[in-house]
Amino acid sequence: MEKFQKLTGIAAPMPLVNIDTDMIIPKVFLKSIARTGFGKNLFDEMRYNRDGTEIADFVLNKPQYRNSEILVAGDNFGCGSSREHAPWAIADFGIKCVISTSFADIFFNNCFKNGILPIVLPQEQVDLLMADAEKGENARMTVDLEAQEITTSDGEVIKFDVDPHRKHCLIEGLDDIGQTMQKAESIDTFEAQAGALRPWV
Amino acid sequence: MSPKTLYDKIWDAHVAHEAEDGTCLLYIDRHLVHEVTSPQAFEGLRMTGRKVRAPEKTIAVPDHNVPTTLDRAKGIDNEESRIQVEALDKNAKEFGVHYYPVSDVRQGIVHIVGPEQGWTLPGMTVVCGDSHTATHGAFGALAHGIGTSEVEHVLATQTLIQKKSKNMKVEITGKLNPGVTAKDITLAVIGETGTAGGTGYVIEYTGEAIRNLSMEGRMTVCNMAIEGGARAGLIAPDETTFEYVKGRPHAPKGGQFEQALEYWKTLFTDEGAEFDKIITLKGEDIQPVVTWGTSPEDVLPITGVVPNPEDFEGGKVEAARRSIEYMGLTPGQKLTDIEIDTVFIGSCTNGRIEDFRAVAEVVKGKKIKDGMRAMIVPGSGLVRAQAEEEGLADIFRDAGFEWRLAGCSMCLAMNPDQLSEGERCAATSNRNFEGRQGYKGRTHLVSPAMAAAAALTGKLTDIRDLL
Numbered sequence: 001m002e003k004f005q006k007l008t009g010i011a012a013p014m015p016l017v018n019i020d021t022d023m024i025i026p027k028v029f030l031k032s033i034a035r036t037g038f039g040k041n042l043f044d045e046m047r048y049n050r051d052g053t054e055i056a057d058f059v060l061n062k063p064q065y066r067n068s069e070i071l072v073a074g075d076n077f078g079c080g081s082s083r084e085h086a087p088w089a090i091a092d093f094g095i096k097c098v099i100s101t102s103f104a105d106i107f108f109n110n111c112f113k114n115g116i117l118p119i120v121l122p123q124e125q126v127d128l129l130m131a132d133a134e135k136g137e138n139a140r141m142t143v144d145l146e147a148q149e150i151t152t153s154d155g156e157v158i159k160f161d162v163d164p165h166r167k168h169c170l171i172e173g174l175d176d177i178g179q180t181m182q183k184a185e186s187i188d189t190f191e192a193q194a195g196a197l198r199p200w201v
Numbered sequence: 001m002s003p004k005t006l007y008d009k010i011w012d013a014h015v016a017h018e019a020e021d022g023t024c025l026l027y028i029d030r031h032l033v034h035e036v037t038s039p040q041a042f043e044g045l046r047m048t049g050r051k052v053r054a055p056e057k058t059i060a061v062p063d064h065n066v067p068t069t070l071d072r073a074k075g076i077d078n079e080e081s082r083i084q085v086e087a088l089d090k091n092a093k094e095f096g097v098h099y100y101p102v103s104d105v106r107q108g109i110v111h112i113v114g115p116e117q118g119w120t121l122p123g124m125t126v127v128c129g130d131s132h133t134a135t136h137g138a139f140g141a142l143a144h145g146i147g148t149s150e151v152e153h154v155l156a157t158q159t160l161i162q163k164k165s166k167n168m169k170v171e172i173t174g175k176l177n178p179g180v181t182a183k184d185i186t187l188a189v190i191g192e193t194g195t196a197g198g199t200g201y202v203i204e205y206t207g208e209a210i211r212n213l214s215m216e217g218r219m220t221v222c223n224m225a226i227e228g229g230a231r232a233g234l235i236a237p238d239e240t241t242f243e244y245v246k247g248r249p250h251a252p253k254g255g256q257f258e259q260a261l262e263y264w265k266t267l268f269t270d271e272g273a274e275f276d277k278i279i280t281l282k283g284e285d286i287q288p289v290v291t292w293g294t295s296p297e298d299v300l301p302i303t304g305v306v307p308n309p310e311d312f313e314g315g316k317v318e319a320a321r322r323s324i325e326y327m328g329l330t331p332g333q334k335l336t337d338i339e340i341d342t343v344f345i346g347s348c349t350n351g352r353i354e355d356f357r358a359v360a361e362v363v364k365g366k367k368i369k370d371g372m373r374a375m376i377v378p379g380s381g382l383v384r385a386q387a388e389e390e391g392l393a394d395i396f397r398d399a400g401f402e403w404r405l406a407g408c409s410m411c412l413a414m415n416p417d418q419l420s421e422g423e424r425c426a427a428t429s430n431r432n433f434e435g436r437q438g439y440k441g442r443t444h445l446v447s448p449a450m451a452a453a454a455a456l457t458g459k460l461t462d463i464r465d466l467l
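Taken in sequence, the protein lines are chains C and G. So the first sequence is numbered by the working numbering: it starts at 1 and just counts up by one. So the second sequence is numbered by the working numbering: it starts at 1 and just counts up by one.
All the given hints hold, so there is nothing to weed out.
Which bits of chain G does chain C cover? Going by a derived footprint, with three or more residues having C-beta under 8 Å, they are: (1) 17 to 30; (2) 112 to 125; (3) 317 to 324; (4) 427 to 439.
Derived Cβ-Cβ restraints for the label pairs, each shown as a range: (5) Tyr48/C - Lys163/G: 35 to 43 Å; (6) Ile171/C - Gln333/G: 51 to 59 Å; (7) Glu243/G - Glu134/C: 55 to 63 Å; (8) Arg66/C - Val317/G: 27 to 35 Å; (9) Gln333/G - Gly173/C: 51 to 59 Å; (10) Ala194/C - Pro101/G: 26 to 34 Å; (11) Pro55/G - Ala192/C: 15 to 23 Å; (12) Lys62/C - Lys364/G: 55 to 63 Å; (13) Gln179/C - Lys364/G: 56 to 64 Å; (14) Thr330/G - Glu172/C: 50 to 58 Å; (15) Lys265/G - Ile171/C: 44 to 52 Å; (16) Asn61/C - Lys166/G: 38 to 46 Å; (17) Glu18/G - Glu134/C: 43 to 51 Å.
Hints in this document: simulated from the structure, not taken from any laboratory. These numbers were taken from a predicted model, which means no experiment stands behind them. A virtual CB, placed ideally from N, CA and C, is assigned to each residue, including glycine.
Construct all of the structure, not just a fragment, from the sequences and the given hints.
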């Protein structure tokens, strides 16, 4: 997995609440059996007309936001399905950090598996970052995972929380499966005990 | 010992390892797999030379992409869909997991096949790369959706890295009025809590109205726990559960059943156990409901009117405005004046035999409205066979419904069953998101009986007017 340490980049504002996984990547694009190539269809129905031309006023189509690496979004971002194609599309587009007041549970988990940092902040701080993002490409934010700080284009510093284990895995780019396999003995022991207690499972 | 919730008990019984910071390896008893979220996970195993740790606990079935038309034996036209289903055929065989291919009469929607075959049992942990895994919580199993990286993790290790969620109780007291169903309960709860109200929680549904539901109804309620944002929904197992499970192909038999039963009877929330959040609704207050917007929280009783965006607060004002425009509605319009052109009955929410019995009761001896496109899609081949045997299929065909083969169908536009631009559908499925049933398609979520009523009248209809 790609490491996430410190990022300075353009932040795109998407204040709409309840942005769901069907908006992030419509299911017609879930048919690939690969993990890559979803970025061009990120937010497909909001981003393109039916004939494939771009919808000019969609944020990521505006010249100043085309290279965004951070997304500041409305409440309950990523609600809906478990599709990991949603974070795959976000990462493939080049966005590495999403900031909102809340995220849907499965989407939130999926981000960490793909080198994306989802940050939860109170409404007023999200409002402040949304306003900063509205300024466009001259307003670059910095997200420092080690220090757990976001620095706005005006130099204002906002602290954020992150689970220590997940932080460690993102910074080091660690693969979960490899780590869990080091605990194979615990799993073997559990399996034997549970098998004796609940042989019908 | 301090009193525990049902969730606490199942959680504690499955922790294989706990790190100092509380991160746990949770052992997984059943891993359900379908064709959309698994190919990259199997590919990951192949690339790293890993095996499936417990193929005997892994069950695969194609459902999202499969056509539901009667001629589907001829194969899948769409090349990408066909490749996904073929990839599952190949992966299931190569890694030696249980498999129900498209040609098997037991094939169907993964969340209907699991319980039907007795794979889902009380007290288990069940995961699947699909958010509606919450369905299995109806058995008192801890069941939730996972992403593809986690699918690969479970395949390789039979565990999931988890932190414990908080406990939430949703109590539905008293009795339901005629015309009110499990679907109305679960939608009414989401209307109350919002789609993020359950985020961070596992919900246990309790109360007389829940106890009185069949297993089918309980599955409908738990299925949509995810639409309320919860990690999982649970209902404590009881005689209704044990009766349903007994005799299923993969349920324990004989002495082992008795042993299991003894354990299952310990699966309830102890007196005095604490919940972090409690919501109580009176069963008598719940009415037949319908969604008007593009979020499952956009719920109103069928007697209501389309709301005005200005009635909301914060970010919801803009979301409601966008929804109403997308749905082609006008604030103040009576919900029963909304004309529909399509009816979809099926999905993991409402594709079980009891749902079809409810539909048959409404449409028996009647005809659907002229020009209406109405389809009924069973959740599994066995549900279809049972509906044929009970004479329900004849009632549907006589009324003018298309009676299909099993699959996810029009719940999500990944197969040929889709809405066209501007089409408006009364659907028994679970999501009314923009484009969910097809590009620019419009979805109103309802119960099976309400969908049946709409098929007859051509409008969203209060089922109580037809009782």
